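Trainee: If you want the building blocks of each chain, they are given just below.
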Amino acid sequence: MQDNQQQAYDRGITIFSPDGRLYQVEYAREAVERGSATVGVRTPSGVVLAADRRARSPLIERDSIEKIHAVDDHIAVASAGHVADARQLVDFARRQAQLDQLRYDEAIGVETLTKRVTDHIQQYTQTGGARPFGVALLVAGIEDGEPRLFETDPSGTPYEWQAVAIGGGRDEMQSFLEEEYQAEMDLSGGVDLALEALSVDADVDAAGVNVVTVDVESGTVDTLSDDEVGAHVEELDLGGEE
Amino acid sequence: MQDNQQQAYDRGITIFSPDGRLYQVEYAREAVERGSATVGVRTPSGVVLAADRRARSPLIERDSIEKIHAVDDHIAVASAGHVADARQLVDFARRQAQLDQLRYDEAIGVETLTKRVTDHIQQYTQTGGARPFGVALLVAGIEDGEPRLFETDPSGTPYEWQAVAIGGGRDEMQSFLEEEYQAEMDLSGGVDLALEALSVDADVDAAGVNVVTVDVESGTVDTLSDDEVGAHVEELDLGGEE
Amino acid sequence: MQDNQQQAYDRGITIFSPDGRLYQVEYAREAVERGSATVGVRTPSGVVLAADRRARSPLIERDSIEKIHAVDDHIAVASAGHVADARQLVDFARRQAQLDQLRYDEAIGVETLTKRVTDHIQQYTQTGGARPFGVALLVAGIEDGEPRLFETDPSGTPYEWQAVAIGGGRDEMQSFLEEEYQAEMDLSGGVDLALEALSVDADVDAAGVNVVTVDVESGTVDTLSDDEVGAHVEELDLGGEE
Amino acid sequence: MQDNQQQAYDRGITIFSPDGRLYQVEYAREAVERGSATVGVRTPSGVVLAADRRARSPLIERDSIEKIHAVDDHIAVASAGHVADARQLVDFARRQAQLDQLRYDEAIGVETLTKRVTDHIQQYTQTGGARPFGVALLVAGIEDGEPRLFETDPSGTPYEWQAVAIGGGRDEMQSFLEEEYQAEMDLSGGVDLALEALSVDADVDAAGVNVVTVDVESGTVDTLSDDEVGAHVEELDLGGEE
Amino acid sequence: MQDNQQQAYDRGITIFSPDGRLYQVEYAREAVERGSATVGVRTPSGVVLAADRRARSPLIERDSIEKIHAVDDHIAVASAGHVADARQLVDFARRQAQLDQLRYDEAIGVETLTKRVTDHIQQYTQTGGARPFGVALLVAGIEDGEPRLFETDPSGTPYEWQAVAIGGGRDEMQSFLEEEYQAEMDLSGGVDLALEALSVDADVDAAGVNVVTVDVESGTVDTLSDDEVGAHVEELDLGGEE
Amino acid sequence: MQDNQQQAYDRGITIFSPDGRLYQVEYAREAVERGSATVGVRTPSGVVLAADRRARSPLIERDSIEKIHAVDDHIAVASAGHVADARQLVDFARRQAQLDQLRYDEAIGVETLTKRVTDHIQQYTQTGGARPFGVALLVAGIEDGEPRLFETDPSGTPYEWQAVAIGGGRDEMQSFLEEEYQAEMDLSGGVDLALEALSVDADVDAAGVNVVTVDVESGTVDTLSDDEVGAHVEELDLGGEE
Amino acid sequence: MQDNQQQAYDRGITIFSPDGRLYQVEYAREAVERGSATVGVRTPSGVVLAADRRARSPLIERDSIEKIHAVDDHIAVASAGHVADARQLVDFARRQAQLDQLRYDEAIGVETLTKRVTDHIQQYTQTGGARPFGVALLVAGIEDGEPRLFETDPSGTPYEWQAVAIGGGRDEMQSFLEEEYQAEMDLSGGVDLALEALSVDADVDAAGVNVVTVDVESGTVDTLSDDEVGAHVEELDLGGEE
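Protein chains in written order, with numbering that gives the first Met the number 0: chain A, 0 to 241; chain B, 0 to 241; chain C, 0 to 241; chain D, 0 to 241; chain E, 0 to 241; chain F, 0 to 241; chain G, 0 to 241.
These aren't lab readings, by the way, just hints derived from the structure by calculation. Here the structure is a predicted model, which is why all the values come from computation and not from measurement. Errors might be hidden in some of the hints.
[Unchecked claim] Label pairs and their calculated CB-CB ranges:
(1) A:Gln122 with C:Ala54: 13 to 23 Å
(2) A:Glu179 with F:Thr126: 30 to 40 Å
(3) B:Glu105 with A:Asp143: 25 to 35 Å
(4) F:Leu98 with A:Gln122: 34 to 44 Å
(5) F:Leu98 with G:Asp62: 20 to 30 Å
(6) D:Ala54 with C:Glu145: 12 to 22 Å
(7) F:Glu110 with B:Asp90: 31 to 41 Å
(8) A:Gln122 with F:Thr126: 16 to 26 Å
(9) B:Glu105 with C:Ser224: 27 to 37 Å
[What the hints assert, rightly or not] In silico BS3-like pairs for lysine-lysine, Cα to Cα no more than 27 Å straight-line:
(10) D:Lys114 with C:Lys114
(11) D:Lys114 with E:Lys114
(12) A:Lys114 with G:Lys114
We treat Cβ as the ideally placed atom computed from N, Cα and C, and that holds for glycine.
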């Protein structure tokens with residue numbers, strides 16, 4: 000398809016191209032590819048989310064480059080793509096979690112939450128007056144004692160994964176995960192695998208990576224300290240730091 | 000018709016072309032063709048839905064690639080096309096089924112449900128501010144003790160079938176069904192026919208296919224286990240697995 | 000008028016061309032011409048509607064290719080054109096009929112119903128945010144003991160007919176009707192004339208034709224069985240069946 | 000002005016061209032010119048409306064080709080142009096007449112009614128989201144014992160006439176009226192003049208013309224029978240009938 | 000500025016061009032220039048409005064070519080430009096006058112009324128979804144015993160005048176008024192000046208001109224009869240009538 | 000930037016160009032430049048506003064070419080640019096002043112009022128469906144005994160000035176003010192400076208200039224009579240009048 | 000990407016380009032670059048904001064070129080970019096601060112406030128009918144005894160900084176800050192660093208710079224007087240003033 004024709008499907012609202020594609024959604028997927036890398040790994044004892052959060056300046060507070068967010072005490076969400084859009088979806092997810100807590104006095108399920116988010120995303124691809132969300136999310140949590148790891152893409156489709164990478168360099172990282180993933184890893188092994196996947200495409204250092212785990216036993220979201228991340232990085236001999 | 004003219008009917012809202020066609024609806028049909036294959040077979044003892052759900056990565060949870068969904072305990076819906084759109088229509092169908100249950104304290108009819116869904120689809124092809132749904136559905140169920148199998152297309156037209164294929168490779172699969180369909184098959188024979196039709200275009204393996212039956216006797220939706228599907232696949236000698 | 004200029008009147012909403020035409024309405028008429036043929040014949044003893052409903056596959060349930068619908072027990076509607084649009088108008092007509100029954104406790108008149116439908120159609124050709132309906136209807140019924148036969152076209156104009164054809168091959172069928180129509184036929188002769196008109200353009204077989212009559216005496220809508228249609232077809236020696 | 004520039008004023012909503020013209024309104028006037036001819040003649044004893052209603056098929060019911068409509072028992076309206084639009088304006092006029100009857104318990108004045116209709120028409124030429132009405136009306140009635148004859152054009156301007164022609168062949172018919180009109184005709188002479196004007200452009204036969212009078216004495220709308228029209232036509236030796 | 004650029008500012012809504020102009024408003028001014036001529040003259044003893052209302056056919060009722068309208072008993076409004084638009088503004092003005100009468104039990108001031116009208120006009124030039132009014136008005140009346148004469152233009156700006164011409168031939172007529180206007184004329188002299196101004200561009204005859212005065216002494220609007228206008232025309236030896 | 004690209008940012012709503020500019024706002028500034036000149040001068044004893052209000056015809060009432068308006072008894076507003084837009088903003092300002100008087104029973108502050116007006120202007124530059132205001136205002140008043148002089152521009156930014164010129168010839172007039180302004184002038188000196196600035200670009204005569212002062216002592220708005228203005232003009236030997 | 004393609008993503012609403020970018024947001028960032036420079040520096044004892052506010056005329060009141068605003072007594076906001084947009088966001092921030100004070104009777108947190116503002120900004124980049132805000136803000140304040148410094152960008156992303164520059168010349172100033180920033184500066188050293196950063200790109204004089212500090216000890220916003228700023232400038236030997 001030449002450029003001229005393609006242009007016709009870029010304007011105004013999200014509509015089908017003659018070959019049945021939604022270009023605005025595909026372009027939103029490009030926005031995800033432009034984002035920095037994020038990896039999720041599910042192990043029997045919990046789920047790991049690891050995200051690249053290298054700063055464009057040494058003076059920026061790393062904590063403000065939020066890539067992984069706790070939605071409630073047992074679910075965390077990592078994002079890749081347009082940062083401001085990610086924040087909207089995280090807020091939406093948090094409101095959904097609070098709503099369920101208030102209504103039913105019990106924590107929202109990981110799958111239920113994921114589907115609420117993908118329904119919300121889909122609306123922005125079908126009705127006019129808005130653009131799609133330019134972000135993919137990884138939703139990690141414990142549901143009925145089981146670790147769950149979901150991906151939402153810009154079309155509004157949910158996928159459940161054992162291990163998955165989103166954002167810049169996704170293809171290389173996903174191939175690495177497919178080769179190295181073992182179903183019976185422990186949580187620490189999951190952290191190692193996630194960090195190794197992130198380092199496929201670029202050097203990794205402890206301060207430049209955000210790592211969060213959701214533990215089956217405790218059922219809660221934990222953020223690894225820079226020291227904890229550093230220990231893993233050093234052990235794995237990743238990155239170019241001396 | 001040259002490309003330039005065609006472009007004129009692609010933009011903004013769904014309007015008629017000079018030869019009386021609705022291009023956005025036809026493009027939505029292309030989105031269905033881009034989807035993976037789905038087959039429905041009606042037998043005197045029940046209806047079979049079988050759908051290709053091969054994953055793009057071995058690490059994806061196959062259960063999360065939903066292609067067949069129970070709408071209530073006696074109706075199932077399979078889809079081909081834009082996955083996020085399918086989820087919206089399935090949710091719509093579920094809400095309709097629950098509404099009828101609440102209002103009249105009885106289960107919604109298969110035909111009634113199908114027409115509610117097609118009315119909903121048609122609205123999105125006539126009024127502005129939205130694109131058509133890029134998905135076709137097969138609706139299977141038991142109504143007054145009779146097995147029923149319907150198709151909804153992106154224009155919002157319902158069709159009732161004895162056996163039907165939608166999605167990628169539809170034409171070849173439908174020809175196969177027309178040659179091989181026998182009105183007096185039992186449900187197991189229906190599963191065989193559906194799996195054979197799916198394999199016309201590509202290898203089939205048990206884990207890559209989702210099979211659901213709606214049984215006249217029990218009146219309920221049942222999902223075949225991987226082992227059950229595997230037994231059929233092996234017996235039929237389908238796919239390239241050793 | 001060259002193609003370039005014509006394009007200008009195709010986009011967005013339905014507007015006048017420099018020569019006073021509404022192209023979107025004319026294109027909707029093309030959608031009617033693309034539909035399969037439908038014929039209506041009025042006789043002193045009742046009205047006949049006959050519609051081609053040949054299926055694109057032998058596995059499709061012919062009953063689901065609805066071309067003639069009872070609006071209430073004394074009025075039937077046949078359609079040609081965009082099927083999903085036809086369903087909307089039939090639903091609209093049924094709601095109007097029910098409304099009158101509830102409000103005035105008497106059956107709606109055929110002419111009144113037709114005009115409600117054409118008003119509804121016209122709205123879609125004048126105000127923005129929607130496309131015209133791509134369908135023509137034949138409305139047949141008994142009003143005050145008199146048989147009535149109306150056509151609605153995509154502009155929203157009602158016409159009353161003695162005999163009329165809509166859909167693919169309309170011109171040839173209408174010419175045939177003008178030559179062969181006799182005011183004093185009985186209802187059976189009306190069925191014969193309708194079937195002969197349908198066969199002008201293509202072979203006719205009993206299963207491929209839907210025939211409905213509205214009888215003056217009984218005042219009710221009756222659908223002919225395949226056997227009854229078959230008897231007429233055989234007697235007339237229509238179609239290519241042996 | 001070249002075609003390219005003109006195109007710019009055809010799209011979307013009705014806006015001014017650089018030379019201060021409203022093209023959509025002018026194109027709507029073309030729609031009137033494309034309609035069949037209608038003539039109005041005012042005499043001291045009443046007003047005559049005569050309209051060409053030749054059918055495109057001998058099987059169409061001439062009564063369904065409505066060109067002249069009673070708005071209430073003392074006002075009639077004839078139209079030329081887009082038929083479905085005419086029906087909307089006639090319905091609007093009838094609602095206005097009923098409203099006044101209900102509110103003030105007296106019949107609406109002919110001029111008042113005309114201005115309500117033209118206000119309604121003007122709205123459709125100034126605010127967006129709709130196209131102008133493609134129809135002109137002649138409004139004939141008795142007000143305070145005086146015969147009145149008004150025209151409404153697609154811009155929404157009312158004109159009062161002694162005798163006027165609208166629709167196809169308007170210019171020739173109007174010239175004929177200007178030459179032949181005499182202020183002191185009786186109603187029968189008015190019918191003759193209207194029929195002669197209609198025949199300027201084409202043959203006239205009794206069944207193909209709709210004639211309505213509004214009589215000062217009785218103050219009511221009367222439709223001439225085919226026999227009455229036929230007598231006038233024969234006497235005048237119009238048309239090509241033998 | 001070339002044609003291509005200019006086109007860009009003609010479409011959809013009224014926006015600024017690069018040199019700070021509002022083309023739709025300027026084009027609406029062209030619509031005024033296309034209208035027939037109207038003149039206003041203020042004298043110490045009252046205000047005169049005179050408008051050309053020549054008919055396109057001798058059969059049209061001149062009274063229906065309304066160019067001057069009484070808004071209430073002490074204010075009259077004359078218009079030039081798009082006739083249907085003028086009617087809307089006159090109706091708006093009348094509603095404003097009635098509203099003030101009802102609310103405050105006193106007649107609306109001429110300046111107040113003019114500003115209400117110009118505010119209304121301005122709205123149509125700034126917010127989308129509508130085109131500007133294609134008409135200019137002259138508002139004449141008595142306020143606190145003083146004669147007032149205002150003009151409203153299509154941008155929504157009010158101007159107060161001693162003597163002013165609008166519509167076709169405005170420039171020549173205004174030059175004539177500037178040369179001939181004398182502050183101390185009586186009302187009859189005002190009528191003469193207005194008629195002479197109208198005749199600058201074309202012949203004037205009594206029936207083709209509408210003349211209205213608003214008298215300081217009586218404080219009321221009076222329409223001159225054809226005889227009264229004829230006397231002035233004859234005395235002034237205007238037009239080409241013998 | 001070439002013309003073609005620039006066009007893209009002119010249409011529909013106000014959006015950013017690739018170099019971060021809002022063209023519709025800049026074009027609105029051009030509309031200000033097309034307006035006649037207006038000058039404001041602040042002195043310790045009060046603020047002076049002087050505006051060119053030369054008429055396009057000697058018959059126009061100069062008072063109706065309003066360029067300076069009292070908003071309440073202690074604040075005056077002068078405008079340059081699109082006159083009808085200026086009237087809307089002045090009305091908006093007056094309503095704000097009245098609202099504060101009613102709510103808090105005290106006069107609105109000059110700065111508060113200016114910011115309300117600029118907020119209102121900004122809305123029209125960011126949200127769709129409308130164009131920006133094509134006018135700049137000077138707001139002059141006394142607040143807590145201090146003279147204040149503000150400018151509002153079409154972007155909705157407020158500026159406070161000691162002396163400022165807006166409208167046609169702004170640059171030359173502003174340079175003049177910068178050279179000649181002295182902080183310790185009395186009010187009469189302020190009037191002189193304002194008139195001299197206005198005369199930089201063109202001749203000035205008393206009747207063609209509107210001068211208003213807001214006096215610190217009285218705290219009220221005063222309009223200078225033609226004689227008072229004439230005295231200043233004569234003394235300064237401005238303009239070409241003999 | 001060539002110009003033609005780029006144009007397609009500039010129009011109407013904010014949509015994704017084929018490479019996943021939001022051009023309107025990027026152009027809004029250009030509007031920030033066109034603004035004058037603003038610097039923020041965080042020290043253990045408080046936060047410093049310094050902004051260039053050089054005037055285009057010596058007669059403009061410097062105080063009216065507001066670049067730094069107190070949101071409440073413990074938070075200040077500085078802006079770079081489109082001034083009128085900045086005012087809207089500052090007003091929004093103030094309303095949020097007041098709302099929290101009223102609702103919870105405690106001061107809003109610096110991070111909470113920043114996120115409310117960025118949510119508001121993001122809405123304007125995703126839903127149609129408006130353009131993005133063309134401004135970046137620095138939000139400085141004391142939260143739980145800790146100094147905080149945030150940036151909001153036109154996409155609606157919040158960043159926390161130790162030291163940051165926005166507006167014209169950002170890149171050079173940020174490099175300077177990265178080289179010279181020391182975590183253990185006192186507040187006076189912070190002021191020095193901010194002024195030196197501002198002077199990287201241009202001369203600095205006391206009157207042309209606005210400096211505000213938020214002190215940890217007092218917890219309040221303080222504006223430095225021209226003399227205080229002058230002392231720093233002199234000491235640092237910045238600018239070209241003698």
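Trainee: Go ahead and decide if the range 20 to 30 Å is satisfied by the Cβ distance of F:Leu98 to G:Asp62.
Mentor: holds (26 Å)
Trainee: B:Glu105 and C:Ser224, beta-carbon distance inside 27 to 37 Å?
Mentor: Given about 30 Å between the Cβ atoms, the range holds.
Trainee: Can you tell me whether the CB distance of D:Ala54 to C:Glu145 sits inside 12 to 22 Å?
Mentor: Since the Cβ atoms of D:Ala54 and C:Glu145 sit about 20 Å apart, the hinted range of 12 to 22 Å holds.
Trainee: Within 30 to 40 Å or not, the Cβ separation of A:Glu179 and F:Thr126?
Mentor: violated (52 Å)
Trainee: Cβ-Cβ distance between A:Gln122 and C:Ala54: within 13 to 23 Å?
Mentor: violated (36 Å)
Trainee: Taking the beta carbons of A:Gln122 and F:Thr126, is their distance inside 16 to 26 Å?
Mentor: Roughly 22 Å apart at Cβ, these two residues keep to the hinted range, so it holds.
Trainee: How does the Cβ-Cβ distance of B:Glu105 and A:Asp143 compare with 25 to 35 Å: does it lie in that range?
Mentor: holds (32 Å)
Trainee: Is the hinted pair D:Lys114 and C:Lys114 satisfied, with a Cα-Cα distance of at most 27 Å?
Mentor: With Cα atoms ~25 Å apart, D:Lys114 and C:Lys114 stay inside 27 Å; holds.
Trainee: I want to verify a distance hint. Is the separation of the beta carbons of F:Leu98 and A:Gln122 within 34 to 44 Å?
Mentor: holds (40 Å)
Trainee: Do F:Glu110 and B:Asp90 keep their Cβ atoms within the hinted range of 31 to 41 Å?
Mentor: violated (54 Å)
Trainee: Measure nothing beyond the straight line between the CA atoms of D:Lys114 and E:Lys114; if it is 27 Å or shorter, mark the hint as holding.
Mentor: Within the cut-off at roughly 25 Å; holds.
Trainee: Please verify whether A:Lys114 and G:Lys114 have alpha carbons no more than 27 Å apart.
Mentor: Given pair A:Lys114, G:Lys114 holds - Cα atoms ~25 Å apart, limit 27 Å.
Hint violations for this structure: numbers 1, 2 and 7, all remaining hints satisfied.
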